[in-house]
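The listed protein sequences correspond, in order, to chains A and B. Using this note's numbering, read the first sequence as starting at 211 and increasing by one per residue. Using this note's numbering, read the second sequence as starting at 211 and increasing by one per residue.
Just to be clear, a hint being listed does not mean it is correct.
[Said to hold, decoys possible] Taking lysine-lysine and the BS3-like style, the derived pairs with C-alpha atoms no more than 25 Å apart in a straight line are:
| hint | chain 1 | residue 1 | chain 2 | residue 2 |
| --- | --- | --- | --- | --- |
| 1 | B | LYS325 | A | LYS258 |
| 2 | B | LYS459 | A | LYS446 |
| 3 | B | LYS258 | A | LYS429 |
| 4 | B | LYS582 | B | LYS459 |
| 5 | B | LYS599 | B | LYS492 |
| 6 | A | LYS429 | B | LYS254 |
| 7 | A | LYS325 | B | LYS258 |
| 8 | A | LYS258 | B | LYS446 |
Hints are computed from structural coordinates only; laboratory data are not their basis.
Number of protein chains: 2
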Amino acid sequence: MELSQDIAKYIKSTKYEDLPQDVVSYTKLCILDYFGSAFAGSAKPPVKMIDELVREMGGESQATLITGGETSVANAALVNGAASHIVELDDIHKASIIHAATVVIPAALAIAEWKELSGKDLITAVVVGYEVSYRVGEAVSPSHYYYWHNTATCGTFGSASAVAKLLDLGEEEIIHTLGSAGTQAAGLWEFIEDGAMTKQLHPGKAAMNGVISALLAQKGFTGARKILDGDRGFFKAMSDEFQVEKITKGLGEQFKIIENSYKIHASCRHTHHAMDLMIDYKKESQISSEEIDRITVKTYQVAINITDNDDPNTEYASKFSLQYCTALALINGQGGLDQFNDQALWNDEIRSLMKRVDVQVDPEIDRLYPDKWGAVVEIQLKSGETITKQTDYPKGDPENPVTAVELLDKFMKLSHKLPEDDRELFADKVMALESLENVKDLMKATKTTHVS
Amino acid sequence: MELSQDIAKYIKSTKYEDLPQDVVSYTKLCILDYFGSAFAGSAKPPVKMIDELVREMGGESQATLITGGETSVANAALVNGAASHIVELDDIHKASIIHAATVVIPAALAIAEWKELSGKDLITAVVVGYEVSYRVGEAVSPSHYYYWHNTATCGTFGSASAVAKLLDLGEEEIIHTLGSAGTQAAGLWEFIEDGAMTKQLHPGKAAMNGVISALLAQKGFTGARKILDGDRGFFKAMSDEFQVEKITKGLGEQFKIIENSYKIHASCRHTHHAMDLMIDYKKESQISSEEIDRITVKTYQVAINITDNDDPNTEYASKFSLQYCTALALINGQGGLDQFNDQALWNDEIRSLMKRVDVQVDPEIDRLYPDKWGAVVEIQLKSGETITKQTDYPKGDPENPVTAVELLDKFMKLSHKLPEDDRELFADKVMALESLENVKDLMKATKTTHVS
Numbered sequence: 211m212e213l214s215q216d217i218a219k220y221i222k223s224t225k226y227e228d229l230p231q232d233v234v235s236y237t238k239l240c241i242l243d244y245f246g247s248a249f250a251g252s253a254k255p256p257v258k259m260i261d262e263l264v265r266e267m268g269g270e271s272q273a274t275l276i277t278g279g280e281t282s283v284a285n286a287a288l289v290n291g292a293a294s295h296i297v298e299l300d301d302i303h304k305a306s307i308i309h310a311a312t313v314v315i316p317a318a319l320a321i322a323e324w325k326e327l328s329g330k331d332l333i334t335a336v337v338v339g340y341e342v343s344y345r346v347g348e349a350v351s352p353s354h355y356y357y358w359h360n361t362a363t364c365g366t367f368g369s370a371s372a373v374a375k376l377l378d379l380g381e382e383e384i385i386h387t388l389g390s391a392g393t394q395a396a397g398l399w400e401f402i403e404d405g406a407m408t409k410q411l412h413p414g415k416a417a418m419n420g421v422i423s424a425l426l427a428q429k430g431f432t433g434a435r436k437i438l439d440g441d442r443g444f445f446k447a448m449s450d451e452f453q454v455e456k457i458t459k460g461l462g463e464q465f466k467i468i469e470n471s472y473k474i475h476a477s478c479r480h481t482h483h484a485m486d487l488m489i490d491y492k493k494e495s496q497i498s499s500e501e502i503d504r505i506t507v508k509t510y511q512v513a514i515n516i517t518d519n520d521d522p523n524t525e526y527a528s529k530f531s532l533q534y535c536t537a538l539a540l541i542n543g544q545g546g547l548d549q550f551n552d553q554a555l556w557n558d559e560i561r562s563l564m565k566r567v568d569v570q571v572d573p574e575i576d577r578l579y580p581d582k583w584g585a586v587v588e589i590q591l592k593s594g595e596t597i598t599k600q601t602d603y604p605k606g607d608p609e610n611p612v613t614a615v616e617l618l619d620k621f622m623k624l625s626h627k628l629p630e631d632d633r634e635l636f637a638d639k640v641m642a643l644e645s646l647e648n649v650k651d652l653m654k655a656t657k658t659t660h661v662s
Numbered sequence: 211m212e213l214s215q216d217i218a219k220y221i222k223s224t225k226y227e228d229l230p231q232d233v234v235s236y237t238k239l240c241i242l243d244y245f246g247s248a249f250a251g252s253a254k255p256p257v258k259m260i261d262e263l264v265r266e267m268g269g270e271s272q273a274t275l276i277t278g279g280e281t282s283v284a285n286a287a288l289v290n291g292a293a294s295h296i297v298e299l300d301d302i303h304k305a306s307i308i309h310a311a312t313v314v315i316p317a318a319l320a321i322a323e324w325k326e327l328s329g330k331d332l333i334t335a336v337v338v339g340y341e342v343s344y345r346v347g348e349a350v351s352p353s354h355y356y357y358w359h360n361t362a363t364c365g366t367f368g369s370a371s372a373v374a375k376l377l378d379l380g381e382e383e384i385i386h387t388l389g390s391a392g393t394q395a396a397g398l399w400e401f402i403e404d405g406a407m408t409k410q411l412h413p414g415k416a417a418m419n420g421v422i423s424a425l426l427a428q429k430g431f432t433g434a435r436k437i438l439d440g441d442r443g444f445f446k447a448m449s450d451e452f453q454v455e456k457i458t459k460g461l462g463e464q465f466k467i468i469e470n471s472y473k474i475h476a477s478c479r480h481t482h483h484a485m486d487l488m489i490d491y492k493k494e495s496q497i498s499s500e501e502i503d504r505i506t507v508k509t510y511q512v513a514i515n516i517t518d519n520d521d522p523n524t525e526y527a528s529k530f531s532l533q534y535c536t537a538l539a540l541i542n543g544q545g546g547l548d549q550f551n552d553q554a555l556w557n558d559e560i561r562s563l564m565k566r567v568d569v570q571v572d573p574e575i576d577r578l579y580p581d582k583w584g585a586v587v588e589i590q591l592k593s594g595e596t597i598t599k600q601t602d603y604p605k606g607d608p609e610n611p612v613t614a615v616e617l618l619d620k621f622m623k624l625s626h627k628l629p630e631d632d633r634e635l636f637a638d639k640v641m642a643l644e645s646l647e648n649v650k651d652l653m654k655a656t657k658t659t660h661v662s
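If we strip away everything but chain A, and leave its shape as in the complex, we get:
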């Protein structure tokens, strides 16, 4: 059988009734977590620019914009995808290095709202979308990730899968959906050098392209049948090494969404190991930055590739500086959304400590990546003492989990611009999603909160 056909059969045969209870619970938390990030990001400049573009272009009132108002499903996926990635608090999957929420959920929400589908339909589509994203990502990781932003590239297969599920496409149509999705997969890491706004365009476009692919397939539009494993397909073109079996092994039996990691710190996930260790040490010791001579962070190569930046010049870039985040976490004892801003960016104490942070690759930690996103920190005190701390699992990983209560708390903080009552009602709706008859009602609630 063909690989795309395997995936199509999996998507076609997945039913809400067959989902284990923990998968349903986990998926609702993912959706709640998505909304928190999307609300918090909706007024950021790059999102406003994409939003302005979409309003200028116009579109039928099919789906709700997280920024207010309605537009076409393609446009809504674009804006609502861009909005949910920018505060750097959206979920992440270690083995595939993918933020699935920011691509899969906005695409699924737009279609579920437009077609007035149920909460159960939405949950099932999100499960399927995560599964396909993660499996494609695992198949090409880690080589693909050097150049390509997995969230966008592999995520396109996920948003397309979720939409195909919601549209109840047939097996052949799903094969074509994947073909059109894969040939639109794009997103280069080059933006990271300048901290360019491009990063927000990536998930937005991946969500939008998934929507377009499935809607076209529904009309009979054909795509490559072997888009992943073909001679001129995604695997060979966009990765040095790939493992086809990662797509099919256990497909339909496991639910990878429960491997999801949730972010507590508002920075790149590759900075979280060191931040956790700094925060722990601060709690234990109440150390001040003046007492520290040097800090050495030893971690995996990819973290160095993405986050070795000893002089970030924007708030956004600071979230991708391992040196900065390490210093900030030690000084503030926390690394949430409120910790990152222009004032903190130029804070003398953070800047000074940051200069004393060295980052380097540890071969053993690197060997275990991406199964473990680990780090060792060595804190040399001026007193002569050296403290060493280590973690394999940043907070929020399934092995070091956050609780549902912590995630609800995170949601309440991220949506703090909305009235508190609305926030609580909204969270309740998401936590009871399986009894929601019409996703339109959920999306209406995002509007109510905006209006009030």
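For this one, chain A is given, so just place chain B on it according to the hints.
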């Protein structure tokens, strides 16, 4: 100086007044040739599906659809890009292996119409868009072309450049336009295995993504400054080998649009060398297919990669079968749009001769590719005689040119669904484009013809 900055300076400084007269004339022919292909393709099923999607999504009335009516500039670029590639008669540049018209021109037309710019503005933008597309393509050819559909990937830089020119963006904004364009560049050759409709989505999306990139940059949206030559940029991610100097050498002094090749046969350009030779031989000899024992086509590797198909099953796939096209050309003595259809696909005589066509790589011809897209054909007759014919330049290459009269004739044929008077008036308008005050008037003329 940075590479993107070089390109930005070139775009910013190019003025209509500085364009040589032959460049202006050539560009008008490119635009006319674009419209011919777009009219002829506008009712084909894949285009209709994309058109239906766009109408469903809706959009402000900003630009004319070649399929009738108006929509947003992004949507118009998508549909009008898809429409102009499907009859396989759109222009091609040898050294970069790019069909620039189908990506650059729909994007430029949409913006020029929306902003009510002049014919001179349009010509200048198209010159710039072709130049950037071709140079990016040359820089990564031939290695990029194995996996990637240059027209779509490199073309995205071209559509973005043309739109940036029309919007009169500043140097910094153009750098960001290129950044956002390059990170959206996509389009895998895998579709060719099935002759999937994806091929039409590629130029449409490339046109649309160029429009989005420039409009976002105008709003202050930032992209990677080194999208081409950065460590995680387009060149390194998407080609095994690349030549940066192809971008800058002679930039602003040469005008690569005059290196353009026009297509006379309605099939993949990689089949034209053999078709030309077959048509010549048919003219000379009036040979019938029964007299032929075998035909051997020797050509470059890329032609084999793309067009070695001894059993095409759709009209569209037949245009990408070197065996089929060779047989068809010999039997019919021509290979225009009317020659390819379902009846011809299953024609016994063509099918029978096709089985006797061998295709193979010739190392010497391959060495000269892509400067020369050559072929040698050996025709073994049942009589024992063998005829050998050779060409370095398929008809329509600058070295083997078609005349303006032939291109006008081609346009009249391709737009045959429109009333003849309208067609002639429309062609006159394009041929006098430098005196057109408002591109809206040109696009209105496409509507008049549709209505009448």
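- Message: Under the constraints set out in the numbered hints, which ones does this structure not fulfil?
- Response: When the structure is compared with the hints, numbers 2 and 8 turn out to be violated.
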